[in-house]
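Asker: This is what each chain is made of:
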Amino acid sequence: SQQGEEDPQALSIQEGENATMNCSYKTSINNLQWYRQNSGRGLVHLILIRSNEREKHSGRLRVTLDTSKKSSSLLITASRAADTASYFCATAYDYKLSFGAGTTVTVRA
Amino acid sequence: NAGVTQTPKFRVLKTGQSMTLLCAQDMNHEYMYWYRQDPGMGLRLIHYSVGEGTTAKGEVPDGYNVSRLKKQNFLLGLESAAPSQTSVYFCASSPVSGADGELFFGEGSRLTVL
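Quick note, the sequences are listed as chains X and L, same order. The first sequence begins at 1 in my numbering and counts up one residue at a time. The second sequence begins at 110 in my numbering and counts up one residue at a time.
If you're looking for bench data, these hints aren't it; they were derived computationally from the structure. Any given hint could be a false lead.
[As the list claims (entries may be wrong)] Calculated cross-link-like contacts (lysine-lysine; reagent style DSS-like; alpha-carbon spacing at most 25 Å):
#: 1; chain 1: X; residue 1: K70; chain 2: X; residue 2: K26
#: 2; chain 1: L; residue 1: K123; chain 2: X; residue 2: K96
#: 3; chain 1: L; residue 1: K180; chain 2: L; residue 2: K118
#: 4; chain 1: L; residue 1: K166; chain 2: L; residue 2: K118
#: 5; chain 1: L; residue 1: K180; chain 2: X; residue 2: K96
#: 6; chain 1: L; residue 1: K180; chain 2: X; residue 2: K70
#: 7; chain 1: X; residue 1: K26; chain 2: L; residue 2: K166
#: 8; chain 1: X; residue 1: K56; chain 2: X; residue 2: K70
#: 9; chain 1: X; residue 1: K96; chain 2: X; residue 2: K26
#: 10; chain 1: L; residue 1: K180; chain 2: L; residue 2: K166
#: 11; chain 1: X; residue 1: K26; chain 2: X; residue 2: K69
#: 12; chain 1: X; residue 1: K96; chain 2: X; residue 2: K56
On a predicted model such as this, the values are computed, not experimentally measured, just so you know.
Given only the sequences and the hints, what does the whole structure look like? Please build it.
Answerer: Following this line, the structure appears as structure tokens:
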């Protein structure tokens, strides 16, 4: 299976701190994507990093990809209460995306 | 701009009953997907479609059927519901293959099978 596995399962930080979560996967990928899900809502795409890229930035988000280690990380800088959500990595191959179980991030005011 | 709309949002069924979940997208996307989300298991792909008139099996297709008669609609059917199908179902669409670009998700349909 291509499914990514996020680590940690849960993370609690203070507002203003950085949040880092990791994703590991098993086989070759076309790209890796990160999504956010607020409680009771659908998933929202955050960022896509292609297999030939090593790092990508979008606002307060920084994603890295190490294909030799089959791993990726998502860093959220200067976290806000509105960043409280579950974050999922998704590995892309063929026509499909395979999702991990997610990291639940709680940002305390 | 509605994006991806799922109906119904909530449904309670008895074991053995049938139902259909409707997904409609107004973005003219070719690719559409049905996922289920269960606690601690992330999202698992049930079926997907790469264009009007096409369907394909995903990771967990048993007990479900799908149809894509119109480009904008992707229907997920349960012929004989089982308690194991209690889940939150998400539909998604994309203009290109999920392997190449982002997916756009609906808000989910929460199904309980008693």
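Asker: All the hints need checking, so say for each whether the structure fits it.
Answerer: A quick look at each hint next to the structure:
1. Between the alpha carbons of K70 (chain X) and K26 (chain X) the distance comes to roughly 7 Å, so the proposed pair stays at or under 25 Å and holds.
2. With a C-alpha separation of about 32 Å, the suggested pair K123 (chain L) and K96 (chain X) falls outside the 25 Å cut-off, and the hint is violated.
3. Under the criterion of a C-alpha separation no larger than 25 Å, the hint pairing K180 (chain L) with K118 (chain L) is consistent with the structure, at around 22 Å.
4. At roughly 24 Å between alpha-carbon atoms, K166 (chain L) and K118 (chain L) fall within 25 Å of each other, so this suggested pair holds.
5. For the proposed pair K180 (chain L) and K96 (chain X), the alpha carbon gap of about 18 Å is at most 25 Å, so the pair holds.
6. A C-alpha spacing of about 36 Å is found between K180 (chain L) and K70 (chain X), which places the hinted pair above 25 Å, so the restraint is violated.
7. Between K26 (chain X) and K166 (chain L) the CA atoms are separated by roughly 21 Å; this keeps the pair inside 25 Å, and the hint holds.
8. With a C-alpha separation of about 16 Å, the suggested pair K56 (chain X) and K70 (chain X) falls inside the 25 Å cut-off, and the hint holds.
9. Distance restraint check for K96 (chain X) and K26 (chain X): the Cα-Cα separation of roughly 15 Å lies within the 25 Å cut-off, and the hinted pair is therefore satisfied.
10. Distance restraint check for K180 (chain L) and K166 (chain L): the Cα-Cα separation of roughly 18 Å lies within the 25 Å cut-off, and the hinted pair is therefore satisfied.
11. Among the hinted pairs, K26 (chain X) with K69 (chain X) is consistent with the structure: their alpha-carbon atoms are about 9 Å apart, no more than 25 Å.
12. Distance hint between K96 (chain X) and K56 (chain X) is fulfilled; the C-alpha atoms sit about 22 Å from each other, no more than 25 Å.
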